[in-house]
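A.B. asks: Could you put together the complete structure from these sequences and hints?
Protein sequence lines correspond, in order, to chains A and B.
Per the numbering used here, the first sequence starts with residue 1, numbered consecutively.
Per the numbering used here, the second sequence starts with residue 1001, numbered consecutively.
Check before you lean on any hint, since a few could be wrong.
Result set (DSS-like, lysine-lysine): computed pairs, CA atoms no more than 30 Å apart in a straight line [what the hints assert, rightly or not]:
1) A:K103 - B:K1460
2) B:K1235 - B:K1131
3) B:K1297 - B:K1137
4) B:K1347 - A:K103
5) B:K1347 - B:K1082
6) B:K1283 - A:K16
7) A:K103 - A:K150
8) B:K1235 - A:K16
9) B:K1100 - B:K1003
10) B:K1347 - A:K150
11) A:K20 - B:K1283
12) B:K1283 - B:K1235
13) B:K1082 - B:K1100
14) A:K20 - B:K1235
15) B:K1082 - B:K1003
Think of the hints as simulated: they come from the structure by calculation, not from any bench.
Here the structure is a predicted model, which means the values were calculated and not measured.
The residues making up each chain are set out below.
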Amino acid sequence: MSTVASFQADSAEVVKAIVKALGDEPGALLPILHAVQNEFAYVPTEALPLIADGLNLSRAEVHGVFSFYHYFRSSPPGRHSIQICRAESCQAMGSRVLEAHAKQSLKIDFNQTTADGELTLLPVYCLGNCACSPSVRIGNDIYGNVDPEKFDALVSGLSTRRIEVK
Amino acid sequence: MTKIFIPRDTTSCALGADRVAQVIQRTIEENQLALQVIRNGSRGLYWLEPMIEVETEQGRIAYGPITMDEVDDFIAAECWIKNESHPLYLGLTEEIAFLKNQQRISFARVGIIEPTSVDDYCQQGGFVGLKNALAMKPAEIVSCVIRSGLRGRGGAAFPTGIKWQTVLDAVAEQKIIVCNADEGDSGTYSDRMLMESDPFSLIEGMVIAGIAVGATVGYIYLREEYPLAHEVLGKAIETANERGYLGSNIAGSDTGFTIELRLGAGAYICGEETAMLESLEGKRGEVRPKPPLPAIKGLFGQPTVINNVISLATVPVILANGADAYESYGAGRSRGTLPFQLAGNIKYAGLVELAFGSTLRSLLVDFGGGTRSGRPMRAVQVGGPLGAYLPESQWDVPLDYEAFIEIDAMLGHGGVVAFDDTVDMSEQARFSMEFCSIESCGKCTPCRIGSVRAVEVIDKICSGDSPEQNLRLLTELCDTMVDASLCAMGGMTPFPVRSALQHFFEDFASSSEP
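C.D. replies: So, in structure tokens, the structure goes:
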């Protein structure tokens, strides 16, 4: 996933190419929104009219679909997105404490990004990892039995990795 | 070459299986050991994951949990040679009581085969049902599924064969099979396990459904929250196409069937079948009024079979062994087996496939071993976020669909979430309504607004603000949502709330007392 700060001239071409490639599928809008978000890490507002044009839909229709789904974002996330499961199985194993700890230690609420642009905290309702609750997802990796201590270790692991990359 | 099996499903990986596998693989290469690592699915004995199995002449033996802390010792002790004295030695896998006491039918291959190996799948009885189906008339296939007694495992428990019959009888140029893989209920993971561990059974089930009703197109609507299932299923579909089990001329016949894998986008309501159809059509996931039934007018207006992953994946074994073999399991009108999923605060969490008719207590105690925290178990939510919270006095009710309906509860998709005595049931009731307010599609008023008001009213009750009056209001609000909502989201969210009020009322009153 690449993070693009602003929508540039060639970004429009990328969106148009996605619409062209997928637009003929029946019910193409969700696959297109997924492809756009995979490309930009969010769905730029400027992409919506391009998708509408390509699918012969109104901008309102495309916006209505885009905004219905929790997964699609209208702004760039941090370098890493951390999802904390809020559902019942995780609640039974202390996710309320984990959630409060995460917000406090990162100094952000759900759906916010840390000031350094590193981490975005997101709620999620079930990762299907309920045999080792509480669960957390970072990227496509899912972690189990996450207590505040393990959460801190995961977070510091992410920043360590960033330094290594440098 | 001795085979070593290291699981690769979401939960075993969440517990470190990938890293353990890397260490073992590296050891094999560096020391040129005569060992072959197979990444199987999980057996679902999750408190033992990562559970490593080794092939022996007597059958597979198991060690677990082999975490990163244990893997060096596992290697040093050369556990691939049977090592009964190793502290994590578990004996023959099939003899482990948690597994031995189950009736695995839908999950017969799960954890045994390499998930995307067609050869493994065929060796374990795969594609026998399909071959039988290809030799049958569509009506005979439908009749077989009806006689098996199979009901929708997604939660609604509608007879699968009756649904197929309706689509078979419908006249249309194109009919469609949709697999609902939007397993959003908390405490459920059987669909995920099956897709990650035995994806061909789902593919085979969909192809048989297509032959039965005359559909050549299938969609799988998979939730975005399951990245590994997405990868495995994608590979399985590709392999099935290459090996002639999908595409045109399936298994050498003149029948064709294609499957397209689509991803959801984090909306719980899209597990509701009509909202899912809207989503597949590229629209907001808003619930459709019924009628028309999807079986008459479904995806893109065509007659559509919509079945859950487990329902479809169970069809091949019914076609392979006959309807009677499946129907012989179960109790009352609940025939066959249900893969229960033990979750939450439970010592031995995992997948337990059982014939209907056992009890919740047996699941919680005999299989689950009580709470993980060691404290007394207080409440159990069965059937996901729309299922009731059951106190201990209800744990002896038989596990069958009708018996649960009688106590205003539901088996649903078989999720069992245990809570110990630290739970505050007013918080749980509040969460049920909060979840509904977040996930409501907004189409009908009782669900969209009722859930928001209910959160406020529960807060008032708990803070001692006219509790009696507000309790009456909450009861009325629940009645309205049950009676007037368009779908199960608004219509069943009151069930956990009512059960919390009925059985755990003291939790609502406590915070209002000085």
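A.B. asks: Are any of the numbered hints broken by this structure? If so, which, sorted upward?
C.D. replies: none
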